[in-house]
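Asker: Sequence:
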Amino acid sequence: MSIGPIWVTGAAGFLGQHVLQALVQRFGRGVKILGIGRGLTSEMVKPFGPLSAVEPDSLTSAGFDRLRTASGPPEVVLHLAAGASVGRSFAAADQDFRNTVSGSAALYHWLGRHAPDARVVLASSAAVYGSGHPGPISETAERNPSSPYGWHKKMVEDLAMCERQVSGLRVLPARIFSVYGVGLRKQLFWDLALKSAGTSPSVKLMGTGAEQRDWCLVEDVAQTLVDLAFCEIAFENPIGPVNIGSGRAVTVGEASRRFLECLTCSKPTRARIQFSGLRPAGDPASLVSDPTRLGVLGLTKPRPFPADLQRCA
Numbered sequence: 141m142s143i144g145p146i147w148v149t150g151a152a153g154f155l156g157q158h159v160l161q162a163l164v165q166r167f168g169r170g171v172k173i174l175g176i177g178r179g180l181t182s183e184m185v186k187p188f189g190p191l192s193a194v195e196p197d198s199l200t201s202a203g204f205d206r207l208r209t210a211s212g213p214p215e216v217v218l219h220l221a222a223g224a225s226v227g228r229s230f231a232a233a234d235q236d237f238r239n240t241v242s243g244s245a246a247l248y249h250w251l252g253r254h255a256p257d258a259r260v261v262l263a264s265s266a267a268v269y270g271s272g273h274p275g276p277i278s279e280t281a282e283r284n285p286s287s288p289y290g291w292h293k294k295m296v297e298d299l300a301m302c303e304r305q306v307s308g309l310r311v312l313p314a315r316i317f318s319v320y321g322v323g324l325r326k327q328l329f330w331d332l333a334l335k336s337a338g339t340s341p342s343v344k345l346m347g348t349g350a351e352q353r354d355w356c357l358v359e360d361v362a363q364t365l366v367d368l369a370f371c372e373i374a375f376e377n378p379i380g381p382v383n384i385g386s387g388r389a390v391t392v393g394e395a396s397r398r399f400l401e402c403l404t405c406s407k408p409t410r411a412r413i414q415f416s417g418l419r420p421a422g423d424p425a426s427l428v429s430d431p432t433r434l435g436v437l438g439l440t441k442p443r444p445f446p447a448d449l450q451r452c453a
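For the sequence shown, the numbering used here gives the first residue as 141, with consecutive numbering after it.
A couple of the hints might just be wrong.
What the hints assert, rightly or not - Cβ pair distances, simulated, as ranges: (1) D257 to R419: 39 to 49 angstroms; (2) E376 to L334: 19 to 29 angstroms; (3) A210 to G417: 20 to 30 angstroms; (4) G380 to R419: 24 to 34 angstroms.
Just so you know, these hints were derived from the structure itself, not from any lab. By construction, the Cβ of each residue, glycine as well, lies at the ideal position given by its N, Cα and C atoms.
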């Protein structure tokens, strides 16, 4: 069966680069893959094989029109473009809104009128659940975001429901839990790597260390997103949002210690981890997935932490 053009928004980002790699590994040169991303260049995607076209603009009708001219309307869209920081969403909520909500609204509107039969996988976030979920979270749990980042992700999911009513566009929200991997220059493990490289006898981190997270390797997350995009049953009989997580709860304290142990294998350090006891704004006590729906769809869930942690260090 031939596959029509595949669009990847946010292709210049950390997750986007891995999604491109997963697509090229799956299809090789047999399908048109088009990348959309602010600052995206052909040079950036060379390691993953040639793309049919790249669009370095933000999400605009003019950019979508150029891609349609280059390849025709998309059959599949992996929509990853969005704000990427809970902390920065507090400091610049307006910018996070533009990056996440405005671009998504433009994409849905264009697709609904020019490619209404496309299958769209939306890279959403566990942040839509917010606080108050002490155990594994199912997709039917109440969405109660605790940050602008989470609220904006919720808005994008709701906009997808609106567009489905208007044009029939099928959008599958994939709620991604905590991602780690080589090349991610932010969040917990990057912070640990930077602070442990200094001369201080202690590494100070925010929070209590008892917070629970469901960490997943970025390669596994990217593969699951691609698998969802080509899981026809998920679109023919809409199952609703799908969690992307391993289902395993790991405390921030345990994850930090394991990562520091990996670091000391190659760069010995005397640093010890200390937690401030103060949880940052928008940081729930627990975000752990119930990945049951992935199994219902016959898809493999990401491997649990600490998969490939040594390589990340």
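Asker: Look at each hint and say if it fits the structure.
Answerer: Hint-by-hint comparison with the structure:
no. : hint                             : verdict
1   : D257 to R419: 39 to 49 angstroms : holds (45 angstroms)
2   : E376 to L334: 19 to 29 angstroms : violated (47 angstroms)
3   : A210 to G417: 20 to 30 angstroms : violated (54 angstroms)
4   : G380 to R419: 24 to 34 angstroms : holds (30 angstroms)
Against the hints set out earlier in the document, violations occur for numbers 2, 3.
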